[in-house]
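Trainee: Single-letter residue listing:
Protein chains: 2
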Amino acid sequence: MNSFDTVLEQFINDLNNNFVADIYANIPSGKRLRPKLIFNIIKNEQSIKLAAIIELIHISSLLHDDVIDDALTRRNENSINNTYGNKTAIMLGDILYSKAFYELTAFDTKIAKIVSKAVSTLSIGELEDVKLAEFFNTDKELYLSMIYKKTASLIEASTHAGAILAGHDENIYKTYGKNLGVAFQIIDDILDITENSQTLGKPALNDFKEGKVTLPYLIAYEKSSFNTQEKLKSMYKRVLNKEESTWVKELLNNTNAIKDSYNYAKTLANQALTGIKEPKLQEIISSILDRDF
Amino acid sequence: MNSFDTVLEQFINDLNNNFVADIYANIPSGKRLRPKLIFNIIKNEQSIKLAAIIELIHISSLLHDDVIDDALTRRNENSINNTYGNKTAIMLGDILYSKAFYELTAFDTKIAKIVSKAVSTLSIGELEDVKLAEFFNTDKELYLSMIYKKTASLIEASTHAGAILAGHDENIYKTYGKNLGVAFQIIDDILDITENSQTLGKPALNDFKEGKVTLPYLIAYEKSSFNTQEKLKSMYKRVLNKEESTWVKELLNNTNAIKDSYNYAKTLANQALTGIKEPKLQEIISSILDRDF
Numbered sequence: 001m002n003s004f005d006t007v008l009e010q011f012i013n014d015l016n017n018n019f020v021a022d023i024y025a026n027i028p029s030g031k032r033l034r035p036k037l038i039f040n041i042i043k044n045e046q047s048i049k050l051a052a053i054i055e056l057i058h059i060s061s062l063l064h065d066d067v068i069d070d071a072l073t074r075r076n077e078n079s080i081n082n083t084y085g086n087k088t089a090i091m092l093g094d095i096l097y098s099k100a101f102y103e104l105t106a107f108d109t110k111i112a113k114i115v116s117k118a119v120s121t122l123s124i125g126e127l128e129d130v131k132l133a134e135f136f137n138t139d140k141e142l143y144l145s146m147i148y149k150k151t152a153s154l155i156e157a158s159t160h161a162g163a164i165l166a167g168h169d170e171n172i173y174k175t176y177g178k179n180l181g182v183a184f185q186i187i188d189d190i191l192d193i194t195e196n197s198q199t200l201g202k203p204a205l206n207d208f209k210e211g212k213v214t215l216p217y218l219i220a221y222e223k224s225s226f227n228t229q230e231k232l233k234s235m236y237k238r239v240l241n242k243e244e245s246t247w248v249k250e251l252l253n254n255t256n257a258i259k260d261s262y263n264y265a266k267t268l269a270n271q272a273l274t275g276i277k278e279p280k281l282q283e284i285i286s287s288i289l290d291r292d293f
Numbered sequence: 001m002n003s004f005d006t007v008l009e010q011f012i013n014d015l016n017n018n019f020v021a022d023i024y025a026n027i028p029s030g031k032r033l034r035p036k037l038i039f040n041i042i043k044n045e046q047s048i049k050l051a052a053i054i055e056l057i058h059i060s061s062l063l064h065d066d067v068i069d070d071a072l073t074r075r076n077e078n079s080i081n082n083t084y085g086n087k088t089a090i091m092l093g094d095i096l097y098s099k100a101f102y103e104l105t106a107f108d109t110k111i112a113k114i115v116s117k118a119v120s121t122l123s124i125g126e127l128e129d130v131k132l133a134e135f136f137n138t139d140k141e142l143y144l145s146m147i148y149k150k151t152a153s154l155i156e157a158s159t160h161a162g163a164i165l166a167g168h169d170e171n172i173y174k175t176y177g178k179n180l181g182v183a184f185q186i187i188d189d190i191l192d193i194t195e196n197s198q199t200l201g202k203p204a205l206n207d208f209k210e211g212k213v214t215l216p217y218l219i220a221y222e223k224s225s226f227n228t229q230e231k232l233k234s235m236y237k238r239v240l241n242k243e244e245s246t247w248v249k250e251l252l253n254n255t256n257a258i259k260d261s262y263n264y265a266k267t268l269a270n271q272a273l274t275g276i277k278e279p280k281l282q283e284i285i286s287s288i289l290d291r292d293f
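The listed protein sequences derive, respectively, from chains A and B. Under the UniProt record's numbering, the residues of the first sequence are numbered 1 to 293, in order. Under the UniProt record's numbering, the residues of the second sequence are numbered 1 to 293, in order.
Heads up, some of the hints might be wrong.
Intra- or inter-copy, both count: the list cannot distinguish identical chains.
As the list claims (entries may be wrong) - Keeping only pairs whose Cα atoms sit at most 30 Å apart, straight-line, the calculated DSSO-like set for lysine-lysine is: (1) K233 <-> K36; (2) K87 <-> K277; (3) K233 <-> K87; (4) K87 <-> K140; (5) K43 <-> K113; (6) K231 <-> K113; (7) K87 <-> K117; (8) K277 <-> K242; (9) K174 <-> K277; (10) K209 <-> K266; (11) K249 <-> K231; (12) K140 <-> K49; (13) K31 <-> K140; (14) K212 <-> K110; (15) K113 <-> K237; (16) K249 <-> K110; (17) K242 <-> K131; (18) K277 <-> K249.
Keep in mind that the hints were calculated from the coordinates and are not lab data.
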């Protein structure tokens, strides 16, 4: 049985292009959350191949995301668009995406549908993310639907497909992945507010500056008086001075917006565990909730 | 039986996103060469769906190509990247690509493999096109292999998959599509030299200025003395004055490079027709060869 790394390497070698292999070698390998989830459900030849396909899709989506978000770094290293330019990042993303889809054709139609549908959903999520950052969105449902699409859909597809390969109850593992994905994103959004900029590697309150009205802001807005709402709006998409930053952070604390967001993520995480027996999958959920607190 | 347009429209509606539908509506429909080829092999419910999938893939690849080539126009209208920005063009391309792959899962593994493999090949071709424009390439094989990948592979997949759906001889139709695609690109390369800039909608000798050493240049270079080769090289990737343009055009004529390129395309086209009985498929080949002469 070939290892996950060997299979992924083979996919890249199949492409038979030195330039692709060279750039690919410069992509840091990341947390590999999706493969880890799959292997904690089932580890066999098929699931290793599936995990490699999903990781390739994930890498492709990040390559394009970083172009779209003008991100200069990824995993604390220079992003591919930063090092090689946007065009190379776009082309490499297309190459890896299509290789992943080609390999996916070896799987049952049911699994191929689940994974390819998730890619379609996540690419719509990326667009919604950009569109929602164009104005001060106050609709929580729009936000939650967007992060489900952008962040959770491929995680959900990973655990769902893993359950099918393992012959487990599909819905239990599908819900696990979906809830984990949404909770993960909410914790990320909280960290953007609570972590200091050094730990985070980017300025605090960065999301709000970039137009992203994440869950804590949505809750704080909902709970505030008209005047406070207007003041918060006036700070949207701006570089804030120290006094303004402090005011925003205090608002997010005083309205319990941070705490409520965390509890929302915790509730999702608890629901995720219904029917899940694997201790490792329970640990992964806990580690996500404990990322900073 | 739903029409091709209805199926394509349904794919877009499935995505359930107004912004996507709005931008999509602004993409001119183009020549629809690939659907036309498929329908001249077989027209039924399955082949209409396949043609819509392949057209969606083609549209996605053009969306990304135009970003990569900084193209401001497409089919004589503003390109999507020009109107909506590069980021939207990238995202829309990803959305349409993944929708196409999702729909492809409804087909036999064999067809899904052929089409997805072609997408992988064409995205490698796009990268090779960019890399080959970084230096004065004198290797004809590299050039021909690149245009096969970039232009012919999806056309080849269209006629190949069409033949499978029709129960025809696969190799005959595969060769037809492949040769047609390569011939099409060579004629395009010739037109960049022989057409006047008004008809073409871009300056003549534009390819050479952008670093693309196409077949006529490769042949002229091969047939020239060292001094002429050096002079040609000195004009590479430059805006040429009238005298220089004339010199290049005369070189391409005097070495028979245009004529040889045309004959190369014609030979491919003749080979393409071996075993092809459909008069319409013969006509399409002729119309490509006669595009300008």
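Trainee: Compare the structure with each hint and give your call.
Mentor: Structure-based check of each hint:
no.	hint	in the structure
1	K233 <-> K36	neither (40 Å within a copy, 53 Å between copies)
2	K87 <-> K277	neither (45 Å within a copy, 42 Å between copies)
3	K233 <-> K87	between (35 Å within a copy, 26 Å between copies)
4	K87 <-> K140	between (35 Å within a copy, 25 Å between copies)
5	K43 <-> K113	both (21 Å within a copy, 25 Å between copies)
6	K231 <-> K113	neither (46 Å within a copy, 56 Å between copies)
7	K87 <-> K117	both (26 Å within a copy, 22 Å between copies)
8	K277 <-> K242	neither (47 Å within a copy, 77 Å between copies)
9	K174 <-> K277	within (14 Å within a copy, 51 Å between copies)
10	K209 <-> K266	within (26 Å within a copy, 59 Å between copies)
11	K249 <-> K231	within (13 Å within a copy, 66 Å between copies)
12	K140 <-> K49	neither (37 Å within a copy, 37 Å between copies)
13	K31 <-> K140	within (29 Å within a copy, 44 Å between copies)
14	K212 <-> K110	neither (35 Å within a copy, 44 Å between copies)
15	K113 <-> K237	neither (39 Å within a copy, 46 Å between copies)
16	K249 <-> K110	neither (46 Å within a copy, 57 Å between copies)
17	K242 <-> K131	within (28 Å within a copy, 47 Å between copies)
18	K277 <-> K249	neither (39 Å within a copy, 74 Å between copies)
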